Amino acid sequence: MGAYVVRRLATLPLLLLGISAVSFALLSVAPGDPAEIVLHQRNPGQMPSPAAVTAMRAELGLDAPLPAQYVRWMSRALAGDMGRSYVTEQPVAAQLARRTVPTVVLTAAALGLALLLAVPMGILSARRRGGAGDALVRLAALVGSAAPSYALAFGLIILFAVKLSWLPAVGYGSAAQMVLPAIALSLAPMAQLTRLIRASVLDVLGQDYIRTARAKGLSEQMVVMKHALRNALLPAIGATGVILAHLLGGAVIIETIFTWPGLGQLIVGAALTRDYPVVQGFVTYLAVIVLLANLATDIALRVADPRLRYERVGV
Amino acid sequence: MAITLVAALALPVAVACGEREDSPPAAATPAPATAAAAAPTAAPTPAAVATSAPATAAATTPTAAPPAAAATASPAPSPTARTSEQPAAPAADAARPTLKAGVIWLDSPLDPVQGGWVASQSGMSENLFRLSPTNFSPVPWLAMEATDVDPLTWRIKLRSGVKFHNGAVMDAEAVKASLERTIRLSEASAEALGLDSIAVNDEQTITVTTMEPRPTLPGLLAGPAVAITDAAAADAAGEGNFLQAGALTGPYIPTEYIQKERLSSVANDDYWGGAPPLAGIEHLAIPDINSRELALQAGDIDVAVNISPEGAQTIDAHPELASRTAGIGTAAVIWWVNFKRPALSDPLVRQAVSLAIDRESIAGLIAPAGSGSFAELLLPDALASCPGVSAPGYEPAQARDLLAQAGYVDTDNDGFVDKDGEPLEIVIGGYPERFQLPIMAEAAQAMLADVGIKAKVLITEWSVVKEPAWDLFGWYNNVVEAGDPIQNIGKFVGVSADASGSGANNYGHFHSAELEGIISSAAEVADTQQRQEIACRALDVVASETALLPVAHAYLIYGVNERVTDFEPHPANLYFFDHRIGLRS
Numbered sequence: 001m002g003a004y005v006v007r008r009l010a011t012l013p014l015l016l017l018g019i020s021a022v023s024f025a026l027l028s029v030a031p032g033d034p035a036e037i038v039l040h041q042r043n044p045g046q047m048p049s050p051a052a053v054t055a056m057r058a059e060l061g062l063d064a065p066l067p068a069q070y071v072r073w074m075s076r077a078l079a080g081d082m083g084r085s086y087v088t089e090q091p092v093a094a095q096l097a098r099r100t101v102p103t104v105v106l107t108a109a110a111l112g113l114a115l116l117l118a119v120p121m122g123i124l125s126a127r128r129r130g131g132a133g134d135a136l137v138r139l140a141a142l143v144g145s146a147a148p149s150y151a152l153a154f155g156l157i158i159l160f161a162v163k164l165s166w167l168p169a170v171g172y173g174s175a176a177q178m179v180l181p182a183i184a185l186s187l188a189p190m191a192q193l194t195r196l197i198r199a200s201v202l203d204v205l206g207q208d209y210i211r212t213a214r215a216k217g218l219s220e221q222m223v224v225m226k227h228a229l230r231n232a233l234l235p236a237i238g239a240t241g242v243i244l245a246h247l248l249g250g251a252v253i254i255e256t257i258f259t260w261p262g263l264g265q266l267i268v269g270a271a272l273t274r275d276y277p278v279v280q281g282f283v284t285y286l287a288v289i290v291l292l293a294n295l296a297t298d299i300a301l302r303v304a305d306p307r308l309r310y311e312r313v314g315v
Numbered sequence: 316m317a318i319t320l321v322a323a324l325a326l327p328v329a330v331a332c333g334e335r336e337d338s339p340p341a342a343a344t345p346a347p348a349t350a351a352a353a354a355p356t357a358a359p360t361p362a363a364v365a366t367s368a369p370a371t372a373a374a375t376t377p378t379a380a381p382p383a384a385a386a387t388a389s390p391a392p393s394p395t396a397r398t399s400e401q402p403a404a405p406a407a408d409a410a411r412p413t414l415k416a417g418v419i420w421l422d423s424p425l426d427p428v429q430g431g432w433v434a435s436q437s438g439m440s441e442n443l444f445r446l447s448p449t450n451f452s453p454v455p456w457l458a459m460e461a462t463d464v465d466p467l468t469w470r471i472k473l474r475s476g477v478k479f480h481n482g483a484v485m486d487a488e489a490v491k492a493s494l495e496r497t498i499r500l501s502e503a504s505a506e507a508l509g510l511d512s513i514a515v516n517d518e519q520t521i522t523v524t525t526m527e528p529r530p531t532l533p534g535l536l537a538g539p540a541v542a543i544t545d546a547a548a549a550d551a552a553g554e555g556n557f558l559q560a561g562a563l564t565g566p567y568i569p570t571e572y573i574q575k576e577r578l579s580s581v582a583n584d585d586y587w588g589g590a591p592p593l594a595g596i597e598h599l600a601i602p603d604i605n606s607r608e609l610a611l612q613a614g615d616i617d618v619a620v621n622i623s624p625e626g627a628q629t630i631d632a633h634p635e636l637a638s639r640t641a642g643i644g645t646a647a648v649i650w651w652v653n654f655k656r657p658a659l660s661d662p663l664v665r666q667a668v669s670l671a672i673d674r675e676s677i678a679g680l681i682a683p684a685g686s687g688s689f690a691e692l693l694l695p696d697a698l699a700s701c702p703g704v705s706a707p708g709y710e711p712a713q714a715r716d717l718l719a720q721a722g723y724v725d726t727d728n729d730g731f732v733d734k735d736g737e738p739l740e741i742v743i744g745g746y747p748e749r750f751q752l753p754i755m756a757e758a759a760q761a762m763l764a765d766v767g768i769k770a771k772v773l774i775t776e777w778s779v780v781k782e783p784a785w786d787l788f789g790w791y792n793n794v795v796e797a798g799d800p801i802q803n804i805g806k807f808v809g810v811s812a813d814a815s816g817s818g819a820n821n822y823g824h825f826h827s828a829e830l831e832g833i834i835s836s837a838a839e840v841a842d843t844q845q846r847q848e849i850a851c852r853a854l855d856v857v858a859s860e861t862a863l864l865p866v867a868h869a870y871l872i873y874g875v876n877e878r879v880t881d882f883e884p885h886p887a888n889l890y891f892f893d894h895r896i897g898l899r900s
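Protein chains in written order, with my numbering: chain E, 1 to 315; chain G, 316 to 900.
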């Protein structure tokens with residue numbers, strides 16, 4: 001296991017290098033001159049003079065060739081300096097750090113909620129295959145998968161905040177303010193996980209060792225909980241890493257709608273104002289998080305499934 | 316299922332966080348119309364109207380204190396962000412309510428020299444002059460009157476009894492230092508004001524000399540970047556610590572500012588206009604317009620700044636909410652016409668394009684009745700009423716005739732005109748941040764196709780306006796800057812060397828010697844009426860040359876809870892809240 005983790009960690013720098021290089025190149029070809037954008041931000045309504053634009057390009061280091069710009073950015077990033085926001089003039093790293101907590105809290109709540117409900121619903125649906133409960137769960141999962149998250153988010157706000165006045169529509173800081181965004185963010189992964197677990201449980205319940213367990217006279221509950229569930233949940237554990245990446249992506253929309261001051265809201269604002277240092281920093285930071293989450297998922301899978309641990313020795 | 320989900324999540328979350336937020340307050344009793352409450356309560360401190368009349372432009376009509384304000388079209392948001400807290404801020408008064416406001420952005424720093432929009436909009440900063448809500452002429456604010464001694468000299472008498480938030484007195488020395496700091500730190504302000512020297516006459520009077528005649532100086536002093544600050548305190552606080560300096564004078568004192576997130580303030584009980592009835596104002600940045608409107612409907616906020624026309628209808632149907640607007644569109648939605656591209660360099664083709672687009676119908680699409688107005692001319696009537704000037708209307712048949720005169724006919728029967736084998740094809744640009752622009756572009760595309768002009772729509776980044784990639788480019792901008800019609804015309808279609816407008820935003824590269832002469836003739840004209848007449852002559856040239864295509868003047872619309880009292884929207888987007896706005900429990 002230790003060697004496996006070391007091997008995986010060794011690939012991370014290469015992956016990050018590739019991701020950051022691609023995003024840097026893409027941002028460089030995006031429309032709009034960052035020097036002009038900075039000058040316009042500082043003096044709204046004023047057209048910057050060509051001399052001012054040239055001076056600002058030099059100040060921002062944009063007059064250097066693109067590879068040189070990237071090397072400079074990367075060398076500073078490795079030292080923890082991801083540059084300063086064009087808009088707020090704050091260090092990008094500080095902004096990312098401050099916005100991380102709200103996003104982690106929201107994402108964790110959404111993932112927890114998704115797992116909390118998807119596991120029992122998936123098992124219930126599989127055990128009652130073809131019944132009314134199964135149909136209901138499958139329908140709900142279909143809606144959750146298909147409906148756009150922004151539509152669900154606005155639907156939740158209209159129902160629970162505007163019509164029923166049970167919960168606040170926007171804001172951050174209280175438990176009540178977290179309920180609607182967490183639900184909105186969790187619905188799609190919940191639907192995905194429910195369908196995955198249902199299919200997996202059905203698959204496991206048809207295997208020989210389950211028939212053996214039943215033949216031993218174990219109760220159906222014991223069969224499912226003790227023998228089937230561990231294997232049935234393996235695909236869900238494997239999918240959690242991917243789902244986490246989707247949650248972080250979905251947070252971009254949900255945080256904007258609910259005015260949740262996390263990374264998603266930061267990146268939307270940065271993209272709209274062409275705040276390239278923030279966008280570049282965000283992409284790299286998100287890549288680190290997703291890669292580490294995937295690694296954690298793989299480790300969890302190996303812990304849960306001994307077959308993966310013994311693959312290399314041919315067992 | 317949704318209710319189950321709420322219950323399932325709410326319990327552990329509430330336990331985990333150890334707190335619970337109650338439902339929004341129940342609706343207040345139906346209130347009497349806010350209009351009555353909105354009537355300006357007489358200001359405790361007399362003010363003076365500073366009309367910029369011919370020789371002695373000063374004025375002395377006692378008037379009400381500054382009303383609150385509103386307005387749509389802001390130029391681009393401004394910069395910066397910092398998290399700051401004012402340690403010694405006065406505690407919020409438990410007996411007075413705190414107003415919660417949802418705004419589009421909280422981007423600009425509080426230090427006026429770095430833009431100044433947020434500080435001005437939130438009632439924290441004040442200028443020597445502010446724009447009148449009816450005709451946008453500059454009226455005294457921290458000044459009492461302004462007198463133009465000669466074309467290069469203005470004497471400005473200051474209001475007494477004004478203190479900065481840190482307790483320092485605002486006197487002539489402080490104002491001199493503030494203006495000097497502005498010039499030192501803001502290149503754009505220095506260029507616009509053109510100040511040569513500032514002299515202190517006595518405790519309440521300064522004399523300002525300009526390098527060139529500045530007949531509209533009071534209006535220029537109304538810009539948000541020129542707000543009066545305690546320069547010594549601001550400089551002493553250092554970069555990034557402006558909030559701690561207590562260097563502003565407005566009715567609300569900032570206590571915490573997290574740029575792009577929220578801005579908190581408490582009432583300035585030493586305010587020269589009287590203590591505000593609120594304990595303070597909490598501003599929350601809610602960039603998404605739908606979220607802003609829903610937050611108002613849910614009771615999370617009391618005022619939503621800048622809502623959509625459609626949202627206003629929903630809010631008006633709500634028994635406890637109402638939409639409010641000053642009813643004057645201060646933001647022009649226009650198309651630049653690119654004079655550097657061959658397609659529209661022929662005046663006949665320009666006129667044909669103008670006649671082929673039903674701009675009044677498009678105005679109805681992007682600014683429905685009650686939320687905007689058709690802008691046949693660049694400026695709203697309140698700034699320059701020009702009954703003798705009119706732009707061509709929608710005449711598609713005439714447009715086809717003009718195209719034929721220009722040599723464009725459909726020789727290959729493909730539905731589009733061509734000349735010498737080349738089809739007439741134009742690119743209609745715009746940027747997506749203003750919802751009006753993509754709608755306009757697509758509507759115009761269809762209308763131009765009707766007369767045989769092929770059009771491509773290019774929705775892109777706003778700064779592409781500077782690139783030679785378009786023939787028409789949608790734009791949305793404030794056109795009441797400094798309350799001066801000439802300046803705003805000059806800004807859009809003037810040349811960079813003219814005296815009244817920098818021409819800085821002349822993205823269409825329009826050049827007319829006649830227009831240049833008209834604008835230059837206003838260089839030393841102080842009389843408002845005369846400047847309006849000159850503006851009308853300039854607008855006549857703009858319309859006849861099809862220098863640009865105005866479409867609508869958009870209003871700034873607020874959504875307001877009925878518990879809000881004495882809220883009087885201002886049409887300009889510089890003043891959202893003043894010291895009179897209140898909130899019933």
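For the record, the hints were derived by calculation from the structure and aren't laboratory data. Just so you know, these numbers come straight off a predicted model, no measurement behind them. Ideal Cβ placement from N, Cα and C applies to all residues, glycine included. Incorrect hints may have been included.
[Said to hold, decoys possible] When the alpha-carbon atoms are kept at most 20 Å apart in a straight line, the in silico SDA-like pairs for lysine to any residue are as follows: (1) Lys163(E) with Ala632(G); (2) Lys655(G) with Glu831(G); (3) Lys491(G) with Gln519(G); (4) Lys781(G) with Val29(E); (5) Lys771(G) with Asp33(E); (6) Lys734(G) with Ala632(G); (7) Lys478(G) with Asp465(G); (8) Lys781(G) with Lys163(E); (9) Lys226(E) with Lys163(E); (10) Lys491(G) with Leu510(G); (11) Lys781(G) with Leu15(E); (12) Lys163(E) with Glu877(G); (13) Lys226(E) with Ala245(E); (14) Lys163(E) with His633(G); (15) Lys781(G) with Leu205(E); (16) Lys781(G) with Arg127(E).
[Said to hold, decoys possible] Label pairs and their in silico Cβ distance ranges: (17) Leu15(E) with Pro747(G): 54 to 64 Å; (18) Ala51(E) with Gly555(G): 23 to 33 Å; (19) Ile754(G) with Leu229(E): 17 to 27 Å; (20) Gln221(E) with Glu571(G): 21 to 31 Å; (21) Glu554(G) with Ala97(E): 55 to 65 Å.
Outcome of the hint check:
no.	hint	verdict
1	Lys163(E) with Ala632(G)	holds, 14 Å
2	Lys655(G) with Glu831(G)	holds, 18 Å
3	Lys491(G) with Gln519(G)	holds, 11 Å
4	Lys781(G) with Val29(E)	holds, 16 Å
5	Lys771(G) with Asp33(E)	violated, 23 Å
6	Lys734(G) with Ala632(G)	violated, 54 Å
7	Lys478(G) with Asp465(G)	violated, 31 Å
8	Lys781(G) with Lys163(E)	violated, 47 Å
9	Lys226(E) with Lys163(E)	violated, 44 Å
10	Lys491(G) with Leu510(G)	holds, 11 Å
11	Lys781(G) with Leu15(E)	violated, 37 Å
12	Lys163(E) with Glu877(G)	holds, 18 Å
13	Lys226(E) with Ala245(E)	violated, 30 Å
14	Lys163(E) with His633(G)	holds, 11 Å
15	Lys781(G) with Leu205(E)	violated, 66 Å
16	Lys781(G) with Arg127(E)	violated, 64 Å
17	Leu15(E) with Pro747(G): 54 to 64 Å	violated, 33 Å
18	Ala51(E) with Gly555(G): 23 to 33 Å	holds, 28 Å
19	Ile754(G) with Leu229(E): 17 to 27 Å	violated, 54 Å
20	Gln221(E) with Glu571(G): 21 to 31 Å	violated, 55 Å
21	Glu554(G) with Ala97(E): 55 to 65 Å	violated, 21 Å
Checked against the numbered hints given earlier, this structure breaks hints 5, 6, 7, 8, 9, 11, 13, 15, 16, 17, 19, 20 and 21; the rest are met.
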